[in-house]
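> Spelled out, the chains give:
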Amino acid sequence: MLTAVLAIFVLAALAPTVHRMTPSFSHWLLALVPAAITVWFATFLGPVGAGEVVTQSIPWIPTLGVELAFRLDGLSLLFALLITGIGTFIVIYSGGYLHGHEHQGRFYLFIIAFMGAMLGLVLADDIITLFVFWELTSITSFLLIGFNHEDASSRRSAVQALLVTAFGGLALLAGLVLLGIAAGSFTLSGIEASGIDIRAHALYLPILVLILLGAFTKSAQVPFHFWLPNAMDAPTPVSAYLHSATMVKAGVYLLARMNPTLGATEVWTITLAAFGTVTALWGGLMALRSTDLKKVLAYTTLMALGTLVMLVGLGTEYAMKAYAVFLLAHSLYKGALFMGAGSVDHGTGTRDVRELSGLWQKMKITGVFIALAALSMAGLPPFFGFIGKEFMYEGMLQAGTLGLLVVAGMVIANATMLGAAGLVFWKPFTGQPSEAAEHAHEGGPSLWLGPAVLASLGLALGLGAIPHEGLGEGLLGAVATSLKGEAAKVDLYLWHGLTPALGISVVTIALGLGMFLGLGGVKRGLDGLARASRVNVDAAWDHVLAGLNAVAVAVTRATQTGKLRDYMVWTFTGITLMLGGTLLLRDGILLPREMPETSYLGIFMAALMVVGTIGTILAFSRLAAIVSLSVVGLSIAMFFLVYGAPDVGITQLMVETLTVIIIVLVLAKLPAFRKGEDGTGGERARNGAIAVAMGAVTTAILLAVIAVPYELDLTRYFAEQSYVGGYGRNVVNVILVDFRAFDTLGEVTVVAVAGLGVLALLKARMGRTRTGSQAGGDQP
Amino acid sequence: MEIVMAFVIGIMVAGSVYLLLSRNLLRVLFGVILLSNAVNLVILTVGGLTLGLPPLIGPEAKVLEAPYSNPLPQALILTAIVIGFGLLSFALVLVYRGYQELGTLDSDRMRVAEPCDPAEMPAPVGEPAKTREAA
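These protein sequence lines map, in sequence, to chains A and B.
In case it helps, the numbering used here puts the first sequence at residues 1 to 780.
In case it helps, the numbering used here puts the second sequence at residues 1 to 135.
Be careful, since some hints might not be right.
Claimed, not checked - Which residues of chain B face chain A? A few of them, derived with a C-beta cut under 8 Å, are: (1) S22; (2) V32; (3) K62; (4) I81.
Hint data in this document are derived by calculation from the structure and do not stem from the laboratory.
All C-beta atoms, glycine included, are put in the ideal place defined by N, C-alpha and C.
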């Protein structure tokens, strides 16, 4: 499985090159790999359908216990097949759709990389791996939505999608980590096998909320739905692939995955059913109102996503089966419809249904397959979509009172699907050819192959071309099993007698026909509703972003003043507070118990250091300040000499002398001190307070350190080994050149680099003349 | 003696912090010098202060006989002094070149990396405003 995922990423990396070398048929070449992987996954249909679960695990970050663990069960396999299968057709379709586009190679790179990320996501068993792939899909989605980056609205949509899904992603990460901690395992299979009932865990609610945030943002549930219709700014293959068949289903996938672990509680059922139904209803109604073919489809996708969420929430056996069936049905017809809509756009130059009619004469092939897919979407027999809808109703009817409430919403939502189906097929293809339809033309095979296969599959599966028993007991049964956590099989049928579900279907179809015929009235009614909501959410989004920007600007203004002093103030205040705070909170203030010996010589040097320090601060002339500084430096040198460190003392003496000489030399070329350079009176008081606090903290730390007995192991080692091991009698020197030779080498390097830096600075001329003389002005 | 030094070092750190907060980069530089001196003293002090007795092995001995002053902090300080000198030279040249290029030692008025509105530029210290207009 890792090989499959990696193969796709490698393909993505190679795609631009392949495209450059064979621009005219690169899409056919590139499609070979996903096609092969589809076939490879298809070989698992038998074993997985029989209930087998294939796993694979490679250590990734062993120190953190993160593994590249993969698992293939029914749910993963269905998704994997959809991703690679539809992906194959999408790659082919992109070749035709973007033919001659300047950045076609880049497009292949993005979309194939997305395919790899999505595949990794559904195969991942380790939850950290899952999260990484989850974020990768968000990023590739951002790149794809913003593919037409010259277009401001594309950019806005891309950023919006990224921020919404990445926000959810962060919540998801937190949720997954909490889940891992609660269950004591970081693999999905481990969590399911752990036997710990997460539902009874104290962290259940936080985990649930965080994971739902992740899933709802990704799968565009109300109120996070607004990014999905906007994402239609992406090229059509992207909309078909990411924003209907695969990526937006990641959230739905995750919910299904979590169902055995987190599901079947009251919170879970009600939340999911409520959000799902509202989203479905909203999506369906908005679809009727839209005039852009892709927007219509985007809203029907919302409807489908809402339905899937609702089904996971209900959690009845039939709901699980319906989830499996509807997921497959939707991916097939929606992929086909999007590609078909793209072909219409490609052939006529417009996607506006108001400008399209009578396309049938010019675009027969596209028309046939759009019709097939639309009928499946409408949920009419004998299409697969009909079977999906029947299962849906059965599932809801099983769920008691809540189910009945949901049914009411879903009848309307499903009816709107019929209306929307009419909108995408009936309206553009029948009637008198419109102006746009006059010069419409059919695309090449790359444009109709995908819709043809997907739409035909929708019909074939409905009619039972692949025996219903095989499909139902095999793959879809395995999906239901994954969801339920226990064995289940799906009995697919077209005719199942006169059941309540059939009755509801009939009502749905009648209502849908009514909606389509009275579309004008419905639209007017919806317009008012729309103004009250989506537009607002979308506009609110801008306000939120503007607000964030304003906060960022204000914070930056306040903290990034461009003045070195201010940064120093912050730094020292921070250090003082953190060190001092730690000392206070952790009882770090210790005083040495016994007074160690003092010496008059030492006290004298120490007094000189204090005098020198104060002198440096108070000195009004630069020379006085330097003299004071050297008083400090020289008394330190003497102090070293007195306290048994002659080498250090001599070095200090030399360095001090050099420092003073160099500074005095440079001083001649610098302006004199002026009064008030330490700031205004208030600033000086503030600086003084910070300085005193910092000094006090330093003293407190030193006292605490002195109070603790010395650790002399190392020193003893050096004392014993210096001559025996290092053949030197001056222990300090032996330490420097022998025991810590690398350290000394590093030191020499630093000095050399500093010297080079000095040289470079002195040589460099910025090539910029001083404009106007500011302070001083006495350039040497 | 260590306790006395703890207070002396505290005073030196306070002095250096005060200098580091100045507008004049030369004073900031003095702060750096003072701070690195203070830190060297810290290293010596926390290693224990022993009057006299440098860590030298006598001509007849094979190992260093106690008592002796702790050699390890001394080795560390030697490294620190040299590095400190490297840092100081570089900083000094930086200040000097900065003055050459920008015509000021006032860190508030060095706004190449983070430009500001000319109207918001802080006035030079101790200089009447009219000199600026004349320029």
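> Now look at each hint and say whether the structure bears it out.
Quick rundown of the hints versus the structure:
no.: 1; hint: S22; result: holds, 5 Å
no.: 2; hint: V32; result: violated, 11 Å
no.: 3; hint: K62; result: holds, 5 Å
no.: 4; hint: I81; result: holds, 5 Å
When each numbered hint is compared with the structure, a violation occurs for hint 2 only.
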